[in-house]
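Engineer: Now for the letters of each chain:
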Amino acid sequence: MTAYTPKEAIAIYSARLLKEFDGKSAIIGIGMPVLATLLAKRLYCPRLSASIESGSFDVDIKEIPFSLFGARLTYGCSAQLDNLAVLSAAVRGKVDVGFLGGAQIDRYGNLNSTAIGDYLTSTDRLAGTGGAIDIGCYAMHTITVMAHEKRRLVEQVDYLTTPGWYVKNWPDGNMVHRGQVGLPGGPYAVVTNLGIMKFAAGGEMYLDQYFPGVSVEQIQEHTGFDLNVSGATEAEPITEEELHVLRLQVDPLNLYGTR
Amino acid sequence: MPGEKIVSLSEAVQEVRNGDIVLLGGLIDARRPMAAMFEIMRQQKKDLILLAFVALEDPLIGAGCVRGVHGCYTHMGIFGKAPCLQRAVRENKIIIDDIGHADSMLCIIAAAYGLPFVGSPYSLGTDILNPAYSRVEELRQIARNKDKIPAVKSQMIDNPFSDQPQRVVLLPAIKPDVAIIHVQQVGTEGTVRIDGVQGYDSFDALAADKVIITAEEIVPEEYLRRDPNRNLIPCTEVDMVVHVPWGGHPTLVPNYYDLDLEFIKRYQLAAKTPEGFEQWAQEWVYGIRSQAEYIQKLGAERQQKLRAVAPFGFAPRAGLVKLLETM
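First to last, the sequence lines map onto chains A and B. Reminder that position 183 of the first sequence reads as 223 in our numbering, one-by-one numbering, no gaps. Reminder that position 116 of the second sequence reads as 245 in our numbering, one-by-one numbering, no gaps.
Just so you know, not all the hints are guaranteed correct.
What the hints assert, rightly or not - Simulated DEER-style distance windows between Cβ atoms: (1) B:VAL450 / A:THR42: 27 to 35 Å; (2) B:LYS210 / A:ASP158: 16 to 24 Å; (3) A:ASN214 / B:GLY416: 37 to 45 Å; (4) B:GLN295 / A:PRO46: 41 to 49 Å.
Unchecked claim - Quick list of in silico lysine to any residue cross-link-like pairs, SDA-like style, CA-CA up to 20 Å: (5) B:LYS401 / A:ILE104; (6) B:LYS222 / A:ILE104; (7) B:LYS434 / A:ILE104.
None of these hints come from the bench; they were simulated from the model. Since this is a predicted model, take the numbers as computed values, not measurements. In this text, a Cβ means the ideal position worked out from N, Cα and C, and glycines have one as well.
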């Protein structure tokens with residue numbers, strides 16, 4: 041069995057997750073989600089319709105893009121409109137999957153991609169809101185990818201950028217179920233370099249699968265809140281074919297730095 | 130007078146005043162008005178407030194031109210952290226008022242279509258709506274035209290048209306002082322044709338008080354008017370036109386040239402320290418007296434490597450034949 045890196049594991053296991061969305065629609069965020077989606081479409085869900093917040097609908101990407109807003113997104117897509125045309129598809133109920141990268145996440149799937157620490161005095165800015173907020177509010181299922189670290193999987197996110205299952209109700213800021221503020225859908229899965237988490241009916245994250253070579257103790261150690269691991273099973277090993285397609289076809293020049 | 134909108138880059142950028150609300154066209158690392166940004170740096174503009182995404186604007190921030198941002202993004206795309214922005218945040222030299230992608234667009238769309246405000250569903254449940262986190266009051270202090278920055282960031286109401294209770298967020302129209310957009314082709318009278326991702330540009334042009342177009346090519350109006358459906362901005366919304374070939378470098382301009390990864394990475398490394406940034410800026414901005422000089426400095430080899438290939442609009446990384454094989 042060929043050796044692989046943690047980032048390759050994230051790409052491949054999240055590509056597998058997309059299999060069940062073949063024939064459905066997705067909006068894909070910048071970075072790892074793009075890599076994983078290109079892999080998924082080659083291997084598992086060729087009919088997944090992916091659109092990008094660049095305004096490119098139903099993309100057919102010939103060469104892996106670096107910029108999310110360049111000619112590689114436009115060429116071969118169905119129509120190149122403005123950004124809001126794509127983002128609004130989520131509000132209009134047409135987005136089955138939102139695929140995002142996250143910096144910080146809590147047990148309810150709330151994401152922070154804005155700033156670390158106290159917001160008003162923070163000196164550690166992250167990417168900002170981008171389209172993650174629009175996608176996370178209205179996609180039917182949100183899949184998030186991130187590195188599994190204690191400082192990332194936290195008790196409470198420093199800033200609530202993308203809503204999870206329990207969100208802030210203004211003006212008082214109390215946490216309520218997302219349905220109560222009128223948001224449909226919700227977080228579906230989180231894929232890290234250690235395993236796959238999903239969400240129970242009550243909206244709390246639990247460990248669904250741990251990757252080969254990883255222990256549940258390791259996962260608990262790297263999680264900043266109590267994670268229910270009781271029902272977790274070991275994921276199916278990564279295949280040679282998956283690695284081959286990823287390395288030779290999807291990102292032959294290793295632009296995304298996964299290996 | 131025919132062609133009277135055509136001016137030099139330095140003339141056009143003189144229209145930008147300290148404290149202006151500026152909208153820079155394109156998106157993140159695609160079709161950005163880089164040459165215009167470098168000219169803003171050379172003319173030492175101050176206290177600018179940027180709207181929407183802030184990414185390859187980083188050199189502008191490094192030069193101290195930007196005091197505020199009302200926007201949705203502060204990284205350099207997949208390149209990651211923007212070094213001068215990070216430093217400005219640490220040193221408390223920049224005010225960032227966070228809003229979502231859709232919502233930032235809606236503020237400009239409202240201005241474009243003459244709406245006083247719009248109703249949005251996009252940020253419910255998030256800290257965007259946290260009243261303690263609004264920074265519009267601070268942006269108002271910086272702005273030259275204070276009444277262009279809204280008095281409140283947003284307002285939550287119940288949808289008056291719905292039987293079911295529905296919370297809606299009202300967002301104000303924000304009318305920029307200046308929009309600067311880099312495009313592939315512009316007519317002598319200002320008609321604009323854009324290829325590829327348009328970002329907010331059509332709305333920018335309608336919303337802004339002043340619209341400056343920098344273009345790879347200035348072409349006859351008559352040529353563009355043979356196919357008006359392909360034109361994103363009408364000449365009636367354009368005030369100034371500037372011919373700036375490679376004016377988007379190092380960002381990508383579909384059908385012309387691709388993203389200059391090495392250049393951006395080298396910038397990112399250099400700008401980690403103030404001294405490194407100054408050195409970079411001296412080499413690529415302050416020491417450059419014309420666009421011709423910039424192009425010459427890029428050199429023929431780099432230009433050839435970046436040049437886009439039809440019909441793709443980008444430069445196939447391992448060459449065209451290899452790309453066709455994998456398709």
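Engineer: Give me the numbers of the hints this structure contradicts, sorted from smallest to largest.
Structural biologist: Hint check: 3, 5, 6 fail, others pass.
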